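In order, the protein sequence lines correspond to chains A and B. The letter at position 50 of the first sequence is residue 50 when you use my numbering, and the numbering goes up by one with no holes. The letter at position 227 of the second sequence is residue 227 when you use my numbering, and the numbering goes up by one with no holes.
Please note: incorrect hints may appear among the correct ones.
As the list claims (entries may be wrong) - The calculated label-pair distances, taken between Cβ atoms and stated as ranges, are:
| no. | chain 1 | residue 1 | chain 2 | residue 2 | range |
| --- | --- | --- | --- | --- | --- |
| 1 | A | P305 | B | W123 | 19 to 27 Å |
| 2 | A | G438 | B | R259 | 45 to 53 Å |
| 3 | B | W123 | A | K477 | 49 to 57 Å |
| 4 | B | F114 | A | L427 | 20 to 28 Å |
| 5 | A | F410 | B | G95 | 19 to 27 Å |
| 6 | B | D335 | A | I457 | 41 to 49 Å |
| 7 | A | R479 | B | D335 | 50 to 58 Å |
| 8 | B | K325 | A | S302 | 25 to 33 Å |
| 9 | A | R479 | B | L91 | 48 to 56 Å |
| 10 | A | A355 | B | F114 | 50 to 58 Å |
| 11 | A | Y395 | B | S302 | 48 to 56 Å |
Stated by the list, open to error - The list that follows gives simulated cross-link-like pairs (lysine-lysine, PhoX-like), each with its CA atoms no further than 25 Å apart:
| no. | chain 1 | residue 1 | chain 2 | residue 2 |
| --- | --- | --- | --- | --- |
| 12 | B | K83 | B | K303 |
| 13 | B | K215 | A | K470 |
| 14 | A | K197 | A | K172 |
| 15 | A | K473 | B | K357 |
| 16 | A | K168 | A | K197 |
| 17 | B | K357 | B | K66 |
Claimed, not checked - Going by beta-carbon spacing under 7 Å, a handful of chain B positions derived as facing chain A:
| no. | residue |
| --- | --- |
| 18 | I12 |
| 19 | A112 |
| 20 | L117 |
| 21 | V132 |
| 22 | L136 |
| 23 | E149 |
| 24 | I150 |
| 25 | I154 |
| 26 | S273 |
| 27 | V277 |
Worth flagging that the hints you see were computed from the coordinates, not collected in a lab. These figures come from a predicted structure and were not determined experimentally. Beta carbons: idealized from backbone N, C-alpha and C, even for Gly.
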Amino acid sequence: MYGSLSSNLQKVRAITARHSDVNIREFSIAGSSVGAAIIYADGLADKDMIDQHILKVLMNDVGEETITCSILTNKVLTVSQITITHEIEEIIRKVLTGQTALLVDGMSEMLIIGTMLSKSRSIEEPISEALVRGPRTGFNETLSDNTALLRRHGENASLSMIAMKVGKRASKDLIIAYMEDIADSDIVEEVKRRVSKIDIDNLPESGYVEQLIEDNFLSPFPQVQSTERPDRVIAALMEGRVAILLDGTPFALIVPVTFSMLLQSPEDYYERWMSGSLLRVLRFAAALISLLTPSLYISFISFHPGLIPTKLAVSIMATRVGVPFSSLVEALIMEIAIEILREAGLRLPKPIGPAMGIVGGLIIGEAAVQAGIVSPILVIVVAVTAISSFTIPQYSVGIALRMLRFIAMFCAAAFGLYGVILFFLMLCVHVVKLKSFGVPYASPAVPYRLNDWKDFILRMPLTMMKRRPKMLKTKDKVRKG
Amino acid sequence: MAYQAKDRITSIQTAVILANTMLGAGILTLPRTVAEKTGTPDGWISVIIGGFLAIAAGLIMVMLSKPFRGKTFYEYIGQITGKWLGSLISLIVVGYFCLIASFEIRVLAEVADFFLLEGTPSWAIIMVFMWVSLYLVTGGINAIARLFEIILPITIFVFVIVTFFGITLFDVDNLRPVLGQGVMPVLNGVKTTAITFTGFEAILIIIAFMHRPEKASKAVIVGTSIPLMIYIITVVMVIGSLSVDGVVTRTWPTLDLVRSVEIEGLIFERFESFLLVIWIMQIYSTFTMTYYAASLGLSQMSKRNLNGFLYGLLPVVFLMANIPKNLAGVFRMGDFIGNLSLYLFGAMPLLLLAISKLRGHKGEGISRK
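Next up, chain A with everything else stripped away, as it sits in the complex (with noise of 0.2 Å):
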């Protein structure tokens, strides 16, 4: 490479024909008079910094001097980040990523200069995971915001965050942080490892991550757990769990991932340990409501009026004389009604979600009964079943549960409770065939595990929970003295 700034510029020129918002600015440097030019991304550079820091001393205040590379990074930039290249392609792919390139003419080396604006969004509430107490802030959309966020959160040395790169056309930085001395160095390894071996071209969102490093995805269940909130992600990795961050998203994976994970909300440990404890039991109550309701109302309809009390059953038979459906189909047609009016109402804006709960919910549900379609105990059970599954904090798990309830529907209708008995089985033994990152997805319910029961269906007072999880085999295995 020669240093002549016009054969350079000629090189530049034949790249960036196809790149019109890549500009060239040529200029003469003050005193010498030395020819030079920047090359700089419209919009994706900082353009104030460019005129102070590089126009503004090159134009005004260098001196007779002659330039050289080493003159210019010591004495004259006034910028914190500058790299030394000879390679055209390399400045072309800078100056694409928010840098501006410096070409003087008969120096051989090229200058790249850090001048990436970076326009973010604001930190805001994140608004899947809205809480009544805790902290406001949430994840937003550039990954340095993101691990300052953390930084600030648990200013501690041992929070080791690992950059990686990934993607193949579309180059991502992706950060896997955990707590050096906390946690399971095997688990780091693996999600290292798991990590790199992502061969895609592009990830627009972290939700690609979890797809393909998860353990099994034929499995219904979530086995990352997604977040947009830094203090959720911060108690992750104090139990010794490690967190992925991917450029241009504000949701943060999080890994190793149990089933009763997935059931607790940080509100829990916000509030006292009553509520938190009571909470919790009510949210593992609904999510069994939610999963089996429909199946059991199809079991006992279908197969064994015998087995509920007599008047119950007469007054459910008296009410679905005029139905013309067999439970299964009456119970579907009202479950898929509700899924696509809650598909509905999320896809609608937001001042007409709430009216389109009332004409779907109220006005279907009532017509619906009026027209001796399906029976009220039905429209009854297909609400208590829909609101039980809003308590879940996971959306994924939730989805997880509605898909499976459909499932629990036809073991039903095949063979009535006994179906209903055995497809909890096969729910169960899924449940604890599957692992997430080494650890049984359902620890710690099984293997029993005492101490970690402190912090499962029941959150202990924060004075007794004085170890981390077991589960986790965390270097430092003390959470409290």
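Following the hints, position chain B against chain A.
Okay, now just chain B, sitting in the frame of chain A:
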């Protein structure tokens, strides 16, 4: 690889597996079978004695397995009796486990047909059940242990609640007089009750998977005590509520008792659905464990992959379950299994232990410790 050598279970899990394997069809029928034999209300004493006999037999098996750390019965039997006799015994044991498995699903089919699913063909009932079980056994002993750990607390919880509500019908006079006709009736019932505890022989297999086999004795004692308690409570409650004469005439006395309990004002006035739920779960666990033990035996004897046997044995067990023609035949099958178990796991381990001790002095098998 015949089985996953890396799989290890804790001593708690061992106890849980034993308890789940022992709890099975007996919950529904034990009060009748024991009352038939004793003819007096003293059946519960027979249960206690039977339980202790089961513990003793279990402990003998632990002693038998002790010199062969990390090995199942199938692997070390050859070292005690010689290769050919050992293979024969192993085959009989495999057959025995298959027999229990098929007996359990047959009883399940009978009960499900009678109480839950009139008209559903029993092959359908049995087949879906076996598939769910197959899904579990392919996960190995660890998955089995974890699932049993989920099932056992549910069982105990529901059982306690059902018994608690059953107390309204309980009448102590039905249990009197204690030992009114002497000890003989009690002893007559012991054989029946001891048979109910079949399943403890699973220790011969699972001791090989234990992290710390030295704790096996404790696991046997704890694991047997849980079904012992449940069986005592069942017999006391059922005979105490229905009286001896009422019990012997009913095929499934425990279910009949729970059906007759009606608590006004609760959502569920009747509890038999709850009892059936935990009972089906217990049948499931017994079936799974015995089925796993049988497949593992074949796999270790032939030194071939376990998975092939897990799939291949299903039709065999299915056909065996269809052998009895009617309910009476099913109960005869149960009696036959019980007698077989008495010889196979009551008498034989003692004999084997003696031989092993004798040979041990010659220092052949035991030096491998």
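Report holds or violated for the interface hint on I154 (chain B), using the least CB-CB distance to chain A and a cut-off of 7 Å. Violated, about 10 Å.
Please verify that hint: V277 (chain B), Cβ, nearest Cβ of chain A, below 7 Å or not. 6 Å, holds
Does K303 (chain B) lie within 25 Å of K83 (chain B) when you go C-alpha to C-alpha? 14 Å, holds
Against the range 48 to 56 Å, how does the distance between the Cβ atoms of R479 (chain A) and L91 (chain B) compare: consistent or not? For L91 (chain B) against R479 (chain A), whose Cβ atoms are near 54 Å apart, the range 48 to 56 Å holds.
Honestly, do D335 (chain B) and I457 (chain A) meet the 41 to 49 Å range at C-beta? 43 Å, holds
So does R479 (chain A) sit 50 to 58 Å from D335 (chain B), Cβ to Cβ? Holds, at about 57 Å.
Are the Cα positions of K357 (chain B) and K66 (chain B) separated by 25 Å at most? Cα-Cα ~11 Å, so holds.
Less than 7 Å between beta-carbons is the criterion; does E149 (chain B) satisfy it with respect to chain A? Hint holds; E149 (chain B) Cβ to chain A Cβ min 4 Å, cut 7 Å.
For W123 (chain B) and K477 (chain A), compare the CB-CB distance with the range 49 to 57 Å and indicate the outcome. Holds: the Cβ-Cβ distance is about 53 Å, inside 49 to 57 Å.
Kindly confirm whether 19 to 27 Å is satisfied by the beta carbon distance between P305 (chain A) and W123 (chain B). 26 Å, holds
A range of 19 to 27 Å was offered for this pair. Does it hold for the Cβ distance of F410 (chain A) and G95 (chain B)? 37 Å, violated
Just tell me: holds or violated, for the beta carbon distance of F114 (chain B) and L427 (chain A) against 20 to 28 Å? Holds, since F114 (chain B) and L427 (chain A) (Cβ atoms, about 27 Å apart) stay within the stated range.
The structure fails hints 5, 15 and 25 (numbered hints given earlier, in ascending order).
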